[in-house]
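If you read the sequences in order, they're chains X and U. Numbering that gives the first Met the number 0 puts the first residue of the first sequence at 0, with every later residue one more than the last. Numbering that gives the first Met the number 0 puts the first residue of the second sequence at 0, with every later residue one more than the last.
Hints are computed from structural coordinates only; laboratory data are not their basis. If you're wondering where the values come from, they're calculated on a predicted model, not measured in any experiment. Mixed in with the good hints, there may be bad ones.
[Stated by the list, open to error] Just so you have them, the derived chain X footprint on chain U, three or more residues with Cβ under 8 Å:
| id | stretch |
| --- | --- |
| 1 | 70-82 |
| 2 | 157-170 |
| 3 | 237-243 |
| 4 | 383-395 |
Where a beta carbon is used, it is the ideal one built from N, C-alpha and C, also for glycine.
Number of protein chains: 2
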Amino acid sequence: MGRNAIVGQSGGPTSVINASLAGVLQACQMRGADTVYGMVHGIAGLLEENVIDLGAKIGSSLEIELLKRTPSSYLGSCRYKLPKATDKPEVYEKLFKILEKLDIGYFFYIGGNDSMDTIMQLSDYAAQIGSDIRFMGVPKTIDNDLMCTDHTPGYGSAAKYVAMVMKEIVRDATVYGTKYVTIVEIMGRNAGWLTAAAALARGEDCEGVNLICMPEIPFHVDRFLTKVETMQKESSSVVIAVSEGVKLADGRYVCELADDVHAVDSFGHKSLTGTARFLSNTVARNMDTKTRSIELSTLQRCAAHMTSRTDITEAYQVGGAAAKAAFEGHTGMMVALKRISNDPYQCTTELVDVHKVANFEKKVPLDWINDYRTDMKPEFLRYARPLIQAELTPVYIEGLPRHIYMR
Amino acid sequence: MGRNAIVGQSGGPTSVINASLAGVLQACQMRGADTVYGMVHGIAGLLEENVIDLGAKIGSSLEIELLKRTPSSYLGSCRYKLPKATDKPEVYEKLFKILEKLDIGYFFYIGGNDSMDTIMQLSDYAAQIGSDIRFMGVPKTIDNDLMCTDHTPGYGSAAKYVAMVMKEIVRDATVYGTKYVTIVEIMGRNAGWLTAAAALARGEDCEGVNLICMPEIPFHVDRFLTKVETMQKESSSVVIAVSEGVKLADGRYVCELADDVHAVDSFGHKSLTGTARFLSNTVARNMDTKTRSIELSTLQRCAAHMTSRTDITEAYQVGGAAAKAAFEGHTGMMVALKRISNDPYQCTTELVDVHKVANFEKKVPLDWINDYRTDMKPEFLRYARPLIQAELTPVYIEGLPRHIYMR
């Protein structure tokens with residue numbers, strides 16, 4: 000059994016993934032790990048032995064606090080897909096040789112579906128060769144699409160950002176009192192969790208968004224135009240939240256209707272962009288109104304200046320819980336969040352078999368969407384509202400939030 | 000001399016224009032105005048007698064605080080261009096009849112270049128017909144392009160937002176360690192003040208942006224590509240800040256090189272959008288790198304959750320100073336900000352003849368841009384840094400910043 004721990008970050012960045020890194024680091028140190036290594040650019044970096052002594056880089060409690068407030072992945076990330084051990088055993092042999100050389104006993108990977116696949120493959124291989132290295136998954140994704148967990152760290156902060164920005168956009172869009180359709184594109188290729196968060200904007204001080212379009216509901220361009228036209232009779236400014244991944248009934252992405260070229264990444268994911276622009280152009284061509292499209296783009300996943308303190312705390316906790324579990328002998332598991340009570344909101348962690356998580360996607364329940372398919376029901380609001388509560392004040396230096404980065 | 004005051008907001012929204020509204024309202028009340036009216040949708044609304052009793056709507060000190068934290072224009076805005084009095088005297092006759100009916104003695108208009116034109120036309124007409132109504136301009140624009148004032152309220156907060164978001168984008172863009180060119184489009188059609196603020200991102204905790212392109216410097220697509228290629232040899236992630244209004248040497252906007260249709264508004268301004276997208280596509284076609292374009296869009300002008308307290312305070316002050324000046328007998332003037340000292344930063348207000356402001360535009364001095372035309376010199380940083388200092392904490396209710404809006 001090795002005496003050191005190693006941790007990596009994978010997949011798309013979030014504004015709280017570094018809080019999980021802090022949680023893993025501190026819990027491993029507390030439980031007696033000699034050295035806590037960090038993989039630079041995830042498993043792809045590890046394969047090139049690109050590792051750092053994380054504990055030496057992040058030594059002080061001030062650095063831990065800055066790490067919690069720094070967006071993106073401190074260690075860097077990758078989108079490397081581990082091949083199957085049966086297909087390419089040499090990759091696994093190489094990896095385990097590197098882990099042995101580093102005297103690793105505990106391996107942590109912070110990420111989403113694809114990262115949980117990595118943990119699954121590695122823990123399965125370890126069992127097969129009789130390695131006692133413990134492999135733990137730490138959930139993270141703004142998409143909130145992981146199975147077996149009430150929600151994922153990263154979602155609460157991104158949801159808070161979306162709700163807040165929608166409030167600001169609604170105010171901005173009403174300013175001229177003229178006919179105006181604003182279409183806001185939000186991340187989410189197959190699940191509409193983050194787009195649904197736009198529903199949180201409505202309240203005593205905001206009219207809210209008029210229409211929410213998610214991948215869970217097949218998109219019909221004609222029905223969409225009819226809805227928008229009807230809505231604009233009620234209020235001249237119509238604000239629409241749309242997932243980048245809304246799809247037609249035949250399965251094609253709406254953004255594929257535009258003329259842009261679409262690339263495919265190493266996981267086979269199509270690059271989705273231009274959904275809002277396409278819809279905004281379509282509205283402009285068919286209706287007598289001004290239009291604007293806004294892509295929240297990467298801003299929604301790296302807005303560390305405006306995180307949910309609930310989310311940051313939970314991100315830190317799942318990191319710590321993963322370390323605890325590994326040191327207590329668990330492997331091949333992911334730490335999940337389990338909601339114990341909603342009012343008052345209480346949440347704890349539990350362990351789930353990573354096989355039940357890897358490569359699955361959790362969609363928004365259809366019965367949380369209203370009958371007109373325009374808005375979220377109160378069930379969703381009750382689910383999401385606790386996750387955006389409270390703030391973590393940035394450390395401001397000379398007027399700007401202070402980060403920490405690896406040199 | 001009428002006993003009431005009236006105030007309007009015009010042009011594009013900012014996140015601090017309502018702080019100026021609060022300043023006008025409270026100063027007028029303190030100086031004994033009977034009623035402080037608000038024009039709904041600016042001068043266009045006034046022409047339809049669409050006014051409200053502003054003091055009755057915003058009665059409590061809590062409402063004043065919420066108003067300071069609400070983005071966009073509480074009263075609504077317009078882009079109505081007042082015709083010349085010689086061309087359409089009937090418009091002026093109608094306006095002054097309405098003002099007389101409302102018993103107005105003091106008229107305030109919060110806005111940019113075009114709004115100062117309105118104040119100029121109205122005060123000139125008043126002088127001509129012997130009206131004693133006092134007309135005062137209150138500056139506001141994120142563009143910072145007004146003459147005779149050190150800077151404009153609205154700029155500091157938008158600059159802070161740009162600098163902060165660029166820091167977050169720089170972190171996000173380095174995450175994979177792969178070749179990546181991110182092009183961020185920032186508002187500013189003729190002046191690059193706001194884009195220049197991207198230079199504030201660089202510091203102990205951030206590599207900063209690699210290239211800043213502003214309308215002041217003629218844009219050459221070929222030279223741009225060469226620069227980006229050279230920069231990517233130094234660092235795989237290249238982040239570029241570009242003004243929506245960058246122009247070729249022949250005066251055409253760069254975004255006109257794209258295929259999109261471009262509309263023209265009632266001031267004859269072309270709709271500029273797609274500059275970053277065009278450049279990002281051009282880089283993708285010519286270089287072996289991933290690219291991404293991000294438009295900060297309206298987010299940069301309505302980010303009330305992240306304002307500069309310096310800016311909010313000054314926005315409130317110029318509103319108050321305008322009321323003071325009007326009650327003391329001034330007319331046809333704009334309140335300007337005058338920097339007394341830079342270290343420590345001290346700023347006061349003064350009055351300038353609105354004829355010197357209306358319809359002019361202040362550009363970024365060329366000697367504040369470095370010789371390579373890639374970055375800002377320290378002179379700019381010394382100018383801009385004080386304007387982004389300190390924060391105004393939002394009033395959070397259930398996890399979201401609280402606003403106030405007119406029903």
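Tell me if chain X covers the stretch 70-82 of chain U under the three-residue, 8 Å CB rule, please?
-> Answer holds; 7 residues pass the 8 Å Cβ test.
Outcome, coverage hint (the stretch 157-170 of chain U, chain X; C-beta under 8 Å; three residues) = Result for this restraint: holds, n = 8.
For the stretch 383-395 of chain U, does the count of residues with a C-beta closer than 8 Å to a C-beta of chain X reach 3?
-> holds (count 6)
Three or more residues of the stretch 237-243 of chain U near chain X by CB distance under 8 Å?
-> Per the Cβ count (0), the hint is violated.
Of the numbered hints listed earlier, the single one contradicted by the structure is hint 3.
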